[in-house]
Amino acid sequence: MGFFSTILGFCGFGAGISTGLVIGYYLFIYFQPSDVKDPVIRPLAEQDSQSLQQLLPEIPPWVKNPDYDRIDWLNKFLELMWPYLDKAICKTAKNIAKPIIAEQIPKYKIESVEFEELTLGSLPPTFQGMKVFTTEEKELIMEPSLKWAGNPNVTLGVKAFGLKATVQVVDLQIFAQPRITLKPLVPSFPCFAKIFVSLMEKPHVDFGLKLVGADLMSIPGLYRFVQELIKDQVANMYLWPKTLEVEILDPAKAMKKPVGILHVKVIRAMKLRKKDLLGASDPYVKLKITESKAPSKKTTVKHKNLNPEWNEEFSIAIKDPESQALELIVYDWEQVGKHDKMGMNVVPLKELTPDEPNVMTLDLLKNLDKNDSQDDKFRGQLVVELTYKPFKEDDMSKDLDNPLQKAPEGTPPGGGVLVVIVHEAQDVEGKHHTNPYVRVIFKGEERKTKHIKKNRDPRWEEEFTFVLEEPPLKENLRVEVLSTSTRIGLLHPKETLGYVNINLADVVNNKRINEKYHLIDSKNGMIQIELQWRTSS
Amino acid sequence: MGLISGMLMGIVFGIALMAGWQHMMRYRSNKRIAKAVDIKSLSSLNRDDLKKICGENFPEWISFPVFEQVKWLNKQLSKLWPFVADAAEAIIKDSVEPLLEEYRPPGITSMKFSKLSLGTVAPKIEGIRVQSLKKGQITMDIDLRWGGDPSIILAIEAALVASIPIQLKDLKVFTVVRAIFQLAEEIPCISAVVVALLAEPKPRIDYTLKAIGGSLTAIPGLSDMIDVSFDTFFSLVKLYAMLFGLTVFLYKDTVTSIITDMLQWPHRIVVPIGGIPVDTSELELKPQGKIKITVLRANNLKNKELIGKSDPYAVVYIRPLFKVKTKVIENNLNPVWNQTFELIAEDKETQSLIIEVFDQDVGQDERLGIAKLPLIELEAGNSKEIELRLLPSLDMLKIKDKKDRGTLTIQVFYRQFNEEEQLAALEEEKRILEERKKLKEAGVIGSTMDALDGAASLVGSGVGMVGTGIGAGVGVVGSGLGAFGSGLSKAGKFMGRTITGQSNASKRSGSSTPVNSVQENGGAKPL
Numbered sequence: 001m002g003f004f005s006t007i008l009g010f011c012g013f014g015a016g017i018s019t020g021l022v023i024g025y026y027l028f029i030y031f032q033p034s035d036v037k038d039p040v041i042r043p044l045a046e047q048d049s050q051s052l053q054q055l056l057p058e059i060p061p062w063v064k065n066p067d068y069d070r071i072d073w074l075n076k077f078l079e080l081m082w083p084y085l086d087k088a089i090c091k092t093a094k095n096i097a098k099p100i101i102a103e104q105i106p107k108y109k110i111e112s113v114e115f116e117e118l119t120l121g122s123l124p125p126t127f128q129g130m131k132v133f134t135t136e137e138k139e140l141i142m143e144p145s146l147k148w149a150g151n152p153n154v155t156l157g158v159k160a161f162g163l164k165a166t167v168q169v170v171d172l173q174i175f176a177q178p179r180i181t182l183k184p185l186v187p188s189f190p191c192f193a194k195i196f197v198s199l200m201e202k203p204h205v206d207f208g209l210k211l212v213g214a215d216l217m218s219i220p221g222l223y224r225f226v227q228e229l230i231k232d233q234v235a236n237m238y239l240w241p242k243t244l245e246v247e248i249l250d251p252a253k254a255m256k257k258p259v260g261i262l263h264v265k266v267i268r269a270m271k272l273r274k275k276d277l278l279g280a281s282d283p284y285v286k287l288k289i290t291e292s293k294a295p296s297k298k299t300t301v302k303h304k305n306l307n308p309e310w311n312e313e314f315s316i317a318i319k320d321p322e323s324q325a326l327e328l329i330v331y332d333w334e335q336v337g338k339h340d341k342m343g344m345n346v347v348p349l350k351e352l353t354p355d356e357p358n359v360m361t362l363d364l365l366k367n368l369d370k371n372d373s374q375d376d377k378f379r380g381q382l383v384v385e386l387t388y389k390p391f392k393e394d395d396m397s398k399d400l401d402n403p404l405q406k407a408p409e410g411t412p413p414g415g416g417v418l419v420v421i422v423h424e425a426q427d428v429e430g431k432h433h434t435n436p437y438v439r440v441i442f443k444g445e446e447r448k449t450k451h452i453k454k455n456r457d458p459r460w461e462e463e464f465t466f467v468l469e470e471p472p473l474k475e476n477l478r479v480e481v482l483s484t485s486t487r488i489g490l491l492h493p494k495e496t497l498g499y500v501n502i503n504l505a506d507v508v509n510n511k512r513i514n515e516k517y518h519l520i521d522s523k524n525g526m527i528q529i530e531l532q533w534r535t536s537s
Numbered sequence: 001m002g003l004i005s006g007m008l009m010g011i012v013f014g015i016a017l018m019a020g021w022q023h024m025m026r027y028r029s030n031k032r033i034a035k036a037v038d039i040k041s042l043s044s045l046n047r048d049d050l051k052k053i054c055g056e057n058f059p060e061w062i063s064f065p066v067f068e069q070v071k072w073l074n075k076q077l078s079k080l081w082p083f084v085a086d087a088a089e090a091i092i093k094d095s096v097e098p099l100l101e102e103y104r105p106p107g108i109t110s111m112k113f114s115k116l117s118l119g120t121v122a123p124k125i126e127g128i129r130v131q132s133l134k135k136g137q138i139t140m141d142i143d144l145r146w147g148g149d150p151s152i153i154l155a156i157e158a159a160l161v162a163s164i165p166i167q168l169k170d171l172k173v174f175t176v177v178r179a180i181f182q183l184a185e186e187i188p189c190i191s192a193v194v195v196a197l198l199a200e201p202k203p204r205i206d207y208t209l210k211a212i213g214g215s216l217t218a219i220p221g222l223s224d225m226i227d228v229s230f231d232t233f234f235s236l237v238k239l240y241a242m243l244f245g246l247t248v249f250l251y252k253d254t255v256t257s258i259i260t261d262m263l264q265w266p267h268r269i270v271v272p273i274g275g276i277p278v279d280t281s282e283l284e285l286k287p288q289g290k291i292k293i294t295v296l297r298a299n300n301l302k303n304k305e306l307i308g309k310s311d312p313y314a315v316v317y318i319r320p321l322f323k324v325k326t327k328v329i330e331n332n333l334n335p336v337w338n339q340t341f342e343l344i345a346e347d348k349e350t351q352s353l354i355i356e357v358f359d360q361d362v363g364q365d366e367r368l369g370i371a372k373l374p375l376i377e378l379e380a381g382n383s384k385e386i387e388l389r390l391l392p393s394l395d396m397l398k399i400k401d402k403k404d405r406g407t408l409t410i411q412v413f414y415r416q417f418n419e420e421e422q423l424a425a426l427e428e429e430k431r432i433l434e435e436r437k438k439l440k441e442a443g444v445i446g447s448t449m450d451a452l453d454g455a456a457s458l459v460g461s462g463v464g465m466v467g468t469g470i471g472a473g474v475g476v477v478g479s480g481l482g483a484f485g486s487g488l489s490k491a492g493k494f495m496g497r498t499i500t501g502q503s504n505a506s507k508r509s510g511s512s513t514p515v516n517s518v519q520e521n522g523g524a525k526p527l
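Sequence order for the protein chains is A and B.
Okay, so the first sequence: first residue is 1 according to full-length UniProt numbering, each after it adds one.
Okay, so the second sequence: first residue is 1 according to full-length UniProt numbering, each after it adds one.
Hints should not be assumed to be uniformly reliable.
Unchecked claim - Covered stretches of chain A, as calculated for chain B (at least 3 residues, CB under 8 Å):
1. 59-70
2. 79-85
3. 213-219
Claimed, not checked - As a list, the in silico DSBU-like pairs of lysine-lysine whose alpha-carbon atoms are at most 30 Å apart:
4. Lys319/A <-> Lys297/A
5. Lys75/B <-> Lys453/A
6. Lys523/A <-> Lys172/B
7. Lys474/A <-> Lys511/A
8. Lys202/A <-> Lys71/B
9. Lys202/A <-> Lys75/B
Hints were generated in silico from the structure; no laboratory data involved.
We treat Cβ as the ideally placed atom computed from N, Cα and C, and that holds for glycine.
Model the full structure from these sequences, guided by the hints.
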């Protein structure tokens, strides 16, 4: 008897609890309104100290930390724009979701899935501060503190087997601190090629998920589980150092990287015209690529020779073979004064057959103006051999992915190439003139950048290479900033604006160092130098 | 018995479970809403709020200026600047050089930028203010300061003349840029952007213009000018016009008035943003009303002449491109003109009526005084007689003396347009500008708003200025050969000399209509 009654009691409890749940559902949950109300926001001034106390954990970082900037103007902008943004986003989301839903539902025997309600609510996301970091690399880093505690209402109506159920997402809250890195910076709009987004901390996510009116997320334990699950999922994908990469421009194109190399061999010139009063001219050839900022290249000077033979080779990087042209100018070298132009000619690169040597005999002209008929005297001829070698596609992509290139072939084993890139300087100032250029001295070898006239913050962006037999573990690199007077005069022809000695052992160990150095003998001048140590292995 | 009690207990338990769940739901929902409210109320704090929160320990790194500071943006901008400059240089070069080529007069073989560098100094944003003055629009004011070191050299090569490089450098721009975003309900949510320079504080644009090297005297055949056929003669005139145009191009009067007329609030540039077909006509500036002004008389004007008395006349305008001029009354310090003009107002709230009184002179006309009447002081439909005190300059900082310069009496009548009249006025305005354009030779970018609009929207104000320069230059041609004569005599003088244009400079020559003003500039001495 007792046994049966216990069994029956359990059965009764089982039946009773389901009945009770149904009754309870209709009593407490079913009749609850499912629409989302706009919360009432009281101005801070009216709140008492207790509610202010509650605010404190949410206080924006710009109040607490001086290195965060307030961006209330952006918040205001967003707030004003939010109603429009809301409608636009929801419209787009609906349009995107519709075909996907239509494609998916037949598989699950569901009759229809529809958005009954889709709005992001009246509360826009807010930025609680912005922090930026400056590095020496070509990148912009910013870290906004983003908080969106919104009141969106997304209600999906699902019809299946003749029954209708609604799934509703309410009160979505996302707090995150993304780090947005824009790099590399490129000289064409919008001035960066890629956006990298990664989260510095696990984001805080909270929401209500109502299934037929009942909020699943308020089942004790379940919410925590789901939240952890989401956090871990997101963290797996985007938590620093993992990043989301969005490409804006093709960096190869945007960087205007060279697409080929032009090998120029200046062979000889014939029957040049005499320019010097005494004796024959002292010719040399200057090579320049049009529309390029690279410094021009020069052959040696052949003294007193009107039929000079140089047989000198040069390689020039080409960025756009369609529009660029090679300019060859023959000058007469002078000890004193301006060098006379003896003649010139131009070879458009598109006329060259790629990968084949083209030997050309060029008539020297006075200038390029075809209308200038008054001067068609014979000025001599120049013989050059030109070979244009376009890069292979895969060469280029390799270059881009790996900023640390390997040393070129022919580097002695154990040795490598030391690359010195002179980026820019700041606050350099001479007593009498400031036309700065940089002299890089390594083991007695000297390289110079071009001069920049009258500038306290010059930018050179020039690269020099030194091929070495062994790693320069004990060597120093000396970098000097100098200025020469633009006027020809005996007073203050040259000035040192500052110098710095850089120990190269660090570079060998780190492979690459990009830093700003304080200049010695300068008030507060700084110079940014990038050093790379490339080895063949 | 067991079954029933079991069932009952089950029901009670079930209901309790549901009640508990509902309680949890409420609790969690309330918590979330409270948090949302907190975050919302913290999104825009002002000084008082913060004081209340922080109490004694108010952080001293926080300030609340009208224009919010954007240090982080400046940091990023200065880092990005070399790349922005490179990109902008390429765009300016690509878009302006063909323009120059197109409007190149015969006789000049090439006009090219031999150097175009925007310098190493990045513009600085002093502050940003966001407001909503109208529903569906966001107004953003950006306080922009650029004391840059750009160096722009335009090389002009003529067939007969040596190359003449003209350099623009030391550009300084201090202005508040107002951008109004028209919102739309489709991504990207902004259908059009209106850009203008705020009138208060007055935009300041300074620059140095220099002709470097070269020489005009090297023109071969200048001595045997008489033998030159008419064609060559005319092309030479054009060449000169061009050169002067380019020097004049930043000569404050013409150019500043054009920039002002184009950009200074309420004048604006409207840029529709791709994708969304939108009616931007509402954003464009439209004639709002007509002002009938009668310049009655002036009293106690200052005598500027050595012999006799001043020969005063008055110039009246709202927009510098539409100036009207009274007749000259000779030898009188209390002239009575009694002349009536009609001017069109576009924005009663911000525009002002400017009246300048000049003394006609043999050389440059001297200004006796200037007066300003904000249109907002006028009542529609009411005729009013107003006496205005003449000031040496509208810029209060530049007024040094407190000398009395006399008074000016005018009668003003303002009438609001209805829609039809508005359209008619718009047509009329277009027609006037069209005519003016014809005067400046067909196809030339003149100082008309339309043409400049196109140029400016391409690459921003830089191009606008160059375009303006050419317009002004060819304007000289339009105004005849008179400029040529004076131009020749001045040719030697201006070479190698630095011409500094200053938009705020108060010295100016008298001018009635823009065409005339250009002509005078062409012949006028460079500053």
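Hints and how they fare:
With a threshold of 8 Å between beta carbons, the proposed coverage of the segment 59-70 of chain A by chain B holds, since 8 of its residues qualify and at least three are required. Here's how the segment 79-85 of chain A fares: 5 of its residues keep a CB closer than 8 Å to some CB of chain B, so the rule of at least three is met and the hint holds. Only when three residues or more bring their CB closer than 8 Å to a CB of chain B does the claim for the segment 213-219 of chain A stand; here the count is 5, and the claim holds. Restraint check for Lys319/A and Lys297/A: satisfied, since their Cα atoms lie roughly 17 Å apart, inside the 30 Å limit.
Restraint check for Lys75/B and Lys453/A: the C-alpha separation of about 25 Å stays at or below 30 Å, so the hint holds. Distance hint between Lys523/A and Lys172/B is fulfilled; the C-alpha atoms sit about 27 Å from each other, no more than 30 Å. Proximity of Lys474/A to Lys511/A is assessed by CA-CA distance (about 15 Å); at most 30 Å being required, the pair is judged to hold. A distance of roughly 28 Å separates the Cα atoms of Lys202/A and Lys71/B; the hinted pair therefore holds under the 30 Å criterion.
Restraint check: the Cα-Cα separation between Lys202/A and Lys75/B comes to about 28 Å, which is no more than 30 Å; the hinted pair holds.
The earlier numbered hints are all upheld by this structure, with none contradicted.
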